[in-house]
Amino acid sequence: MRAVISVIGRDTVGILAAVSAKCAQYNINVTDVTQSVLQDMFVMVMMTDISKINADFSKFVDEMTELGKEKNLSIRAMHEEIFNAMHTI
Amino acid sequence: MINEKDILETITMIQDENLDIRTVTMGISLLDCCHSDINTVCGKIYDKITLYAKDLVKTCEQIEKEFGIPIINKRISVTPTAMILAACDNKDAVKIALTLEKAAKTCGVNFIGGFSALVQKGFAHGDTELIRAIPEALSVTERVCSSVNIGSTKTGINMDAVKLMGETILKSAELTKDRNCIGPAKLVVFCNAPEDNPFMAGAFHGAGEPDCVINVGVSGPGVVRAALAKSKNLDLTGVADLIKRTAFKITRMGQLVGSEASKRLGVPFGIVDISLAPTPAVGDSVAHILEEIGLDRCGAPGTTAALAMLNDAVKKGGVMASSHVGGLSGAFIPVSEDAGMIDAAKCGCLNIEKLEAMTSVCSVGLDMIVIPGDTTAAVISAIIADEAAIGMVNSKTTAVRLIPAIGKSVGEELQFGGLLGFGPVMPVNNVSPAKFINRGGRIPAPMQSLKN
Numbered sequence: 001m002r003a004v005i006s007v008i009g010r011d012t013v014g015i016l017a018a019v020s021a022k023c024a025q026y027n028i029n030v031t032d033v034t035q036s037v038l039q040d041m042f043v044m045v046m047m048t049d050i051s052k053i054n055a056d057f058s059k060f061v062d063e064m065t066e067l068g069k070e071k072n073l074s075i076r077a078m079h080e081e082i083f084n085a086m087h088t089i
Numbered sequence: 001m002i003n004e005k006d007i008l009e010t011i012t013m014i015q016d017e018n019l020d021i022r023t024v025t026m027g028i029s030l031l032d033c034c035h036s037d038i039n040t041v042c043g044k045i046y047d048k049i050t051l052y053a054k055d056l057v058k059t060c061e062q063i064e065k066e067f068g069i070p071i072i073n074k075r076i077s078v079t080p081t082a083m084i085l086a087a088c089d090n091k092d093a094v095k096i097a098l099t100l101e102k103a104a105k106t107c108g109v110n111f112i113g114g115f116s117a118l119v120q121k122g123f124a125h126g127d128t129e130l131i132r133a134i135p136e137a138l139s140v141t142e143r144v145c146s147s148v149n150i151g152s153t154k155t156g157i158n159m160d161a162v163k164l165m166g167e168t169i170l171k172s173a174e175l176t177k178d179r180n181c182i183g184p185a186k187l188v189v190f191c192n193a194p195e196d197n198p199f200m201a202g203a204f205h206g207a208g209e210p211d212c213v214i215n216v217g218v219s220g221p222g223v224v225r226a227a228l229a230k231s232k233n234l235d236l237t238g239v240a241d242l243i244k245r246t247a248f249k250i251t252r253m254g255q256l257v258g259s260e261a262s263k264r265l266g267v268p269f270g271i272v273d274i275s276l277a278p279t280p281a282v283g284d285s286v287a288h289i290l291e292e293i294g295l296d297r298c299g300a301p302g303t304t305a306a307l308a309m310l311n312d313a314v315k316k317g318g319v320m321a322s323s324h325v326g327g328l329s330g331a332f333i334p335v336s337e338d339a340g341m342i343d344a345a346k347c348g349c350l351n352i353e354k355l356e357a358m359t360s361v362c363s364v365g366l367d368m369i370v371i372p373g374d375t376t377a378a379v380i381s382a383i384i385a386d387e388a389a390i391g392m393v394n395s396k397t398t399a400v401r402l403i404p405a406i407g408k409s410v411g412e413e414l415q416f417g418g419l420l421g422f423g424p425v426m427p428v429n430n431v432s433p434a435k436f437i438n439r440g441g442r443i444p445a446p447m448q449s450l451k452n
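Sequence lines, in order, name chains A and B. Residues in the first sequence are numbered from 1 upward in steps of one, following our numbering. Residues in the second sequence are numbered from 1 upward in steps of one, following our numbering.
Honestly, the hints are just simulated from the structure, not real lab data. Take the hints with a grain of salt, since some may be wrong.
[Unchecked claim] Derived CB-CB ranges, DEER-like:
hint : chain 1 : residue 1 : chain 2 : residue 2 : range
1    : A       : 9         : B       : 46        : 44 to 50 Å
2    : B       : 282       : A       : 9         : 19 to 25 Å
3    : B       : 319       : A       : 84        : 17 to 23 Å
Beta carbons are placed, not taken as given, at the ideal position from N, Cα and C, and that holds for glycine.
Required output: the full structure, derived from the provided sequences and hints.
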């Protein structure tokens, strides 16, 4: 099972570290990271493997949303299936 | 492998363009709750609904969180209660309405549909009693929604029922006049009512449905409009293609959420209703899509043609995205629930006659239209008959949800709040159709019904 973590907002020091640290805490393996700047916004997309997660995924979603609020960013963790469903036939 | 662009597109749709699952509706059959004693029936209904739907809201909230897609409404539809009432010695339908309200409250859903009767060909035991109880039932409950099917392509139109429904709508408004006439906002009069519709107020669980089923209604007018806004120079073939592609994506999400909910709840997955359902929120309007296509204002000449294309493209895009499509499936044009429609009606560009024309090419019908409080029951009945005739002849669903604003006239407004929105009182042609309505009887089924 995989999940996508997206981070959108103003670039600040330590975003990647903070998100990765949370992933490690939940035993989530980061498999791929892409970063870009889109219309002055920093955009980071992380692919993660959540098959060995050590807690409820929805709890992790809450923590990510909370982390986003702290850092004034929009951080979302979502199941990969939603993107597969929408963009692949 | 999904790419970053696709991921960001999905997130933008959800975050900025109001993409959501409008409703996950659990259909529950009440046929096994029949009994001659009404108190026993009410007990059985409450027990069954609260057992089957006890995890509905919780499960949907989990899916919402894990997939990151908002599910706005969790709802329940039940077997038309007139069928259950038929077996009771004491046909006190309001008791059943109060039971449905209590069950809905316990389960945490905001609406429960199915306080309904199917009388397209005539009245069976329980039907008349239920219809006569609608005004009171809608007045003493908040969550209960009612619908009555008065016609179909196969049977023609039951004009006795049409007459009765005109009176019922008016009475329902009068009984709730101290609450912005909210009663008739929860009452739909159908022709060709679908039995698996997840959308309120017209949802009920048809007699041919399984014991329990999950149906999903998607939304997304904002997404379609945003896609069109980014592609200014397309010709209409290109516009239709773009709408199809967008509808495909929206529907895929409905299919995913529906199948996930069905798996987690252990209930069969019924259908995805591929409808563009607007809300009064800015950026979530079907009228604004029509305006984006090129009309200065919804209601202008060209509106019917643009809507026909939109409706068709939504279906074409959605049908491949889902394993089972059903319900109403098309574009909704409820006036008070659509910011663009409200504006168009306020400035006089959109009138009831134009809306009637629009309903012949899109799903549903004259929906959430506020009319003057002094409109006669005969005029309301005749509007219902006109709309039902469009449905009957074109083999499509049409519905009427009119709200007589008691004590108000053209130029004033009714505020319902929430998803039901607000609407200006629209002028109605008051020339009397009373003789026609009072004739009663049935309009015979049209030639279109003879397909065998």
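Results for each hint:
1. A:9 - B:46: 44 to 50 Å: holds (48 Å)
2. B:282 - A:9: 19 to 25 Å: holds (23 Å)
3. B:319 - A:84: 17 to 23 Å: holds (20 Å)
When each numbered hint is compared with the structure, no violation occurs for any of them.
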